[in-house]
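K.L.:
For the protein sequence lines, the chains are L and W, in the order given.
Per the numbering used here, the first sequence starts with residue 53, numbered consecutively.
Per the numbering used here, the second sequence starts with residue 881, numbered consecutively.
Note that these hints are calculated values from the structure, not bench results.
Ideal Cβ placement from N, Cα and C applies to all residues, glycine included.
Mixed in with the good hints there might be a few duds.
[As the list claims (entries may be wrong)] Partial chain W-side listing against chain L, Cβ under 10 Å, derived:
{"no.": "1", "residue": "T1031"}
{"no.": "2", "residue": "L1049"}
{"no.": "3", "residue": "I1207"}
{"no.": "4", "residue": "C1213"}
{"no.": "5", "residue": "A1225"}
{"no.": "6", "residue": "T1227"}
[Unchecked claim] Listed next, the in silico DSS-like pairs over lysine-lysine satisfying Cα-Cα at most 30 Å (straight line):
{"no.": "7", "chain 1": "W", "residue 1": "K1153", "chain 2": "W", "residue 2": "K1169"}
{"no.": "8", "chain 1": "W", "residue 1": "K935", "chain 2": "L", "residue 2": "K314"}
{"no.": "9", "chain 1": "L", "residue 1": "K314", "chain 2": "W", "residue 2": "K962"}
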Amino acid sequence: MLGGVRVVDATERLGWLAGRLLGDCGARVTKLEAPGADTSSPHWRALNVNKHVIRGSAERLPQLAAEADIVLATPSPSQFDELRELLGANPALVVVSITPFGMTGPKAGWRGSDLEIMAAGGAMSLAGEPGGMPVRISAPQAYAWAGSQAAVGALIALSYRRTSGRGQLVDVSAQSAVITALSHAPAFVDIAGVSPTRAGAFMTGRSVTGARFRVFWPCKDGYLNFILYGGVAGRRTNEQLVAWMRERGFDLGALAAQDWAKWDPTIASQQTIDTMEEPIGRFFLSITKKEFLEGAHAREMLGYPVSTVADIAADPQLAARGFWEDVPAPAGGTERHCGAFVIVDGKRASLLTRKSHEYAASA
Amino acid sequence: MNTQQALEGIRIAEFGSYAAGPHIGKMLANFGATVVHVESRAHPDGFRMQYPPYKDGKPGIDSSGCFAYFNDSKLGITLDLKNPKGVELARRLVAGSDVVIENMRPGVMARIGLGFETLKSLNPALIMLSSCNMGQTGPRADTPGFGSQLTALAGMANLTGVHDGPPMLLYGPYIDFIASTLGAVAVLAALEQRRATGKGAYLDVSQYESGLLFLAGELFDYHTSGRVAGRVGNDDPDAMPHGAFPCKDGGWVALSCWSDAERSRLRKLIGKKTLADWTAARTPAEAAKELQAAGVHAHAVNTIGDLFTDPQLAARGQWHRRVHEVIGEHAYCGPAFRLSETPGAVTTAAHTLGRDNAKVFRGLLGLSEEEYGAYDAAGAFA
């Protein structure tokens, strides 16, 4: 879709995903990589596939930018002016700056890695045991939030260029990008005067009583994710779960008398939730992740197992959709990548473009 | 000052509900796209009645802060899509749109007469994005699902928490917002293609696959080395220390050191104290400020409440207060980026159910008063 768009990607890890997503959509992405920079890490390889890698220092950026529609960069504060100068030299250029806190404001010069950005964006306060240590997601996410929002910003600016002929500076704050991940948690502060916080394996914010609902349940070989929902979908799920438990001869406890058509989780008390969840917990201990995935699908129930990367790699749904793509590896053989993120007109674009040779040779 | 918005003139019809569809529309509406959010009185957006917070704690069709949060700057209409007259109007709406966004289960749009092939016959250059849990094809394509659960299937939950504790969720339907962000990229790329070639596109976005792009490194590592990533609290293989430390007011500060030089700077700052004692004597904001001044990565672990007072977010205008007809004045979230020429805006508060029926059908679609009345009498707006 972006076949005519030329992108120069001069980013560090904070911005890698931006160029990857634009490349997935067909843009010609040239990655400027410092001489001697390590390109062998799994993250580098996964997020720089489908880019044409050029080795060179940052001094080459103005020259490369002269031929580009979009420049992606992760400047340090001392490089902010140089980046702005690119726009001065070429007013039609879309210049995307991706930094931890943005190029303006009192913390514009602050250092931030995934941990600090997840903390600053409020995400860490929402994960962890209640009252205990806040945690980040063990696989870095702030970089991906920043990179993906940068891709949105880049294309919005490109759209404006098509009508006005003018480029502009897109100043991405990773801290702000992480706020995207928080769902509607900020609305509670503003409307209800309550600051949502971490709830461990549970979830709050669903009932006006403040009741917590269990989200993660131990099963025979790991964990399942199941939530007592309301609405049409929740009703079907709850009815099917009870039917499943009945078929297996489980004591239904408080579930036996429940009229799901009338059940409303938004006003449910903690005591109600606890008595309903007790028999469900016993049932889940008797089944495996695979049984749950297949059973829930067959019964059109809401709920999924908690997958590891190994479970995901073996998922037939992804194989059927051609999600994985094998690309020539630097040392011979192939390496397996997540494919392009979108299927366009029934086809998933290949990561193996004319630039694949340079990519493979770049390590 | 330039007053033109970047996406001015782009018209989007949104047959979406909850987060995954409407959040795409919100992001694009904030840069000037005209986004029409379609609901019906029988089936309003599920975020209106299924999730708090509500104005004064009272559930009501127009009092949900959750719905409002994802639907500012749009036009809101009601159409009964089980009524042929409602479908007729939906088609007229699409005929004049550039983009359709939908996040129903696969096949539902076609069943109600709004499948891509039908819509394309009315509007050959149409761009349509379908977003659902598993994508439009594959053995589990028909799986219904919410993001709060898909986040578990897609591996994030297994990677959240401490090593010997249970998996956890980062609050809500985390993965929905990955899919909406990537969905916005796809829509914008398709618009660029249409400008260049005149061609429309059908975009099939699987929320599951979108989420996996955020674990691309961990998945690559598994495929290459067989290593199965697990949850490790706040540890990181390349940094030490790397974690959250309690502060004197019950808050926490996050900090990390990525080199010997950075560790030396940290040691020099805290002197003979242990790190825990040093942070315990300061508020998170004080600790972070001193650490940053010394050249050490650090930031307060912001609570959600803190996001409204964080000086950096305030300086960058993160929150936009607008007056909602029922909720009153409240805050909407601004974009994650600033554009120097076309900065974007939260133009209006979220709509009450069906607020803009007349504006859209009389104004945008140009129905005469008689036609509008006839559709109304036939129950098209129910």
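K.L.:
Are the hints correct? Go through all of them and say.
P.N.:
Tested hints:
The closest approach between the C-beta of W/T1031 and any C-beta of chain L is roughly 8 Å, which is under the 10 Å cut-off, so the hint is satisfied. Here the hint on W/L1049 is kept, as its CB sits about 5 Å from the closest CB of chain L, short of 10 Å. With a cut of 10 Å, the hint placing W/I1207 at the interface with chain L holds, because the nearest CB-to-CB distance is about 6 Å. Checking W/C1213 against chain L by beta carbon gives a least distance of about 6 Å; that is within 10 Å, so the hint holds.
Because the beta carbon of W/A1225 sits about 13 Å from the nearest beta carbon in chain L, more than 10 Å, this interface hint is broken. Of the supplied interface hints, the one on W/T1227 is violated, with its beta-carbon coming no nearer than about 15 Å to a beta-carbon of chain L, more than 10 Å. About 18 Å separates the Cα atoms of W/K1153 and W/K1169, which keeps this hinted pair within 30 Å; it holds. For a cut-off of 30 Å, the pair hint linking W/K935 to L/K314 stands: about 23 Å separates their Cα positions.
Restraint check: the Cα-Cα separation between L/K314 and W/K962 comes to about 24 Å, which is no more than 30 Å; the hinted pair holds.
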